[in-house]
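Peer 1: Listed below are the residues making up each chain.
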Amino acid sequence: MNMTTTPAPPVSMIDPAVLPTGNGATLEARTVAAWFAEHQILDDISLAMPANSVTAIIGPSGCGKSTFLRVLNRMHELVPKSSLAGEVLLDGADVYGIGVRPAETRRHIGMVFQKPNPFPTMTIRENVLSGLKLAGIKNEGSNDDLVERCLDQAGLWREVKDRLGSAGGALSGGQQQRLCIARALAVSPRVLLMDEPCSALDPTSTLRIEETIRDIVGSVTIVIVTHNMQQAARVSDYTAFFLGDEGRPGTVVEFGPTSELFTAPNDPRTEDYINGRFG
Amino acid sequence: MTVTTVPSPNPASLPTPTRRRPQAITPAEGVRIAGVAGVAVILTALVFLATPLSGAFGSVVFAFAAFVALEVVDVSLRLDPQAAKDRTATILITGSAGVALVPLGFIVWYVVSKGIGGMHPGFFTKTLEEVGPLDPASAGGAEHAIIGSVEQVGLASLIATPLGILTAVYLSEYPGRLTRVVRFFVDSMSGIPSVVAGLFIYTLWVVRLEKGFSGLAAAMALSVLMLPTVARTAEEMLKLVPDGLRESSLALGAPKWRTVTSIVLPTARSGLITAGILGVARIAGETAPLLMTAFGTDSVNVNPTKGAQSSLPLFVYQRVRNAVPSQVARGWAGALVLILLVLTLFTVARLFGRVRKAA
Ligand SMILES: Nc1ncnc2c1ncn2[C@@H]1O[C@H](COP(=O)(O)OP(=O)(O)OP(=O)(O)O)[C@@H](O)[C@H]1O
Ligand SMILES: [Mg+2]
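Respectively, the protein sequence lines represent chains A and B. Those letters in the first sequence? Residues 53 to 331, by our numbering. Those letters in the second sequence? Residues -6 to 352, by our numbering.
Treat the hints as calculated values from the structure; they're not laboratory data. Please read these numbers as outputs of a predicted model, since none were measured by experiment. Where a beta carbon is used, it is the ideal one built from N, C-alpha and C, also for glycine. It is possible that some hints are incorrect.
Claimed, not checked - Selected chain A positions facing chain B (Cβ under 7 Å, derived; list incomplete): (1) Ala145; (2) Gly149; (3) Ile150; (4) Val152; (5) Ala155; (6) Arg158; (7) Arg159; (8) Lys167; (9) Asn169; (10) Val239; (11) Ser240.
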């Protein structure tokens, strides 16, 4: 990693105002804090993630990146004794507002996990369609079209089109992860959260998934956690650098357009981190 | 960095590589093991001839122990200490598994050899209704007992399996304040002696509610015994379902109940079938609670809700208590049928559990 000598140019540094408008929603965290029991993990996090853009979250291990993602789609509250503070606005509406069902929020804010986990009892096709059944959504169009469209968006269609009936677990790790992306896309989320989606994958699969991210960002807002600086630089429009010291909760040190953050960071800690001097 | 390019030769000119299986037992090794076994057998023969020791069963056990001991000595002499330790552990563990199988094989062999004499086609289609105490074993049969067993165990499973799985779902998927209490009660329940379960249903259902003896009463007593086994086994099986699957389902917008019904339960399916099988295994041979609930009879009673009913364990118990050899032979035949019935059920359940959904 030698980011100083060769500042990797972001693939797309498009002004969000002229981004192709799709289904993506803006997601805004306001003064978010989070606890596991009495242990505070996050403090005062405010981030605005523009619609149809890719926001990367970077930071050392244990600083609360995954926790932050899980606060965004109301998965954090599933952990016993967890608590949180602040607001998360999806196109201006608080997902923690009174009367908002968590399941509804999670349907709109999808998630791809670090470890690929297709449903083992289902075929590839059933995996893609599983969200419809699970979330109780009616599909107006044909299921065949939906399966093809989602697998195509996830860059998996050509590889699996002749074996949609075989088990999802029979794919390679990279293919399984793309299947999970297709599965998440099938319920038409407005935001897709990705927690280190490539950390278990080989370089080729990683590049495929990065391509996928750039392909789908026209129709969905993406927030991606990654430990790979080049990846953050390659795929994201904005980057947030999280940091939490021993015993102190994680906060945002710096947030801005990826090109600026990587080439001219304002905070010395950001510079140290992206140059691999700690973390 | 220097890059070495390996010239790729014409594939056709390459000799076909010999396939090896490094872990396979070589012929030489086979001969050696056979040799050790031979020595063990000769040693056993000598010992049994020279000493007052005798008996077929004893000699088999002795030969087996001698084989294990000789093999351990042999490998320790030939191999380096690490390899010898490894081999010794393998031999001892395989040996122990073999020893554990001995009683099982012995019981099966014994029941088959004793029971086969009393077996005849009529055993499955006739009852003991018109059979005198001194009639030969070829007269009459256990039809009434087979019907009773199937109905009682079936009904008990119908009661205890859904309840047990629901309990397991509560314990594993909906943990709360009451989880520990419920788990404690389920554990205590598995400690209930079967005769107490029978007594409980007898006092409450048969006497207090004046329902009388019936197959249903027996099924209730059996389900009390079956429930904890099913619940705790099913709970362990549900815990084996990776959390990632639950989270993925929830993250797609699924409500909790649908995550349980559509993801957790199907993923644990074969484990849940195992839980049911263990439950059936727990109750299929129960006799004591049946004496107080089904009571037993010599004729067919197809209606499990009314009147005394027989069952295979009761049949066996009542026949074998007799002094008449033909009756005892019937009892053994009944035991054999019971084993076959349970075995068939297990096989069917296993096949059912293994069948993967086709596209
Ligand atoms: N279920 C939990 N219960 C209690 N503490 C937790 C739990 N999950 C995470 N933590 C703690 O919260 C802190 C932040 O965890 P988190 O997983 O959000 O970090 P992260 O930034 O995603 O790290 P990584 O880069 O290693 O994935 C860690 O100190 C962790 O120990
Ligand atoms: Mg993480």
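Peer 1: What are the numbers of the hints the structure violates, in ascending order?
Peer 2: Violated hints: 1, 2, 3, 4, 11; rest satisfied.
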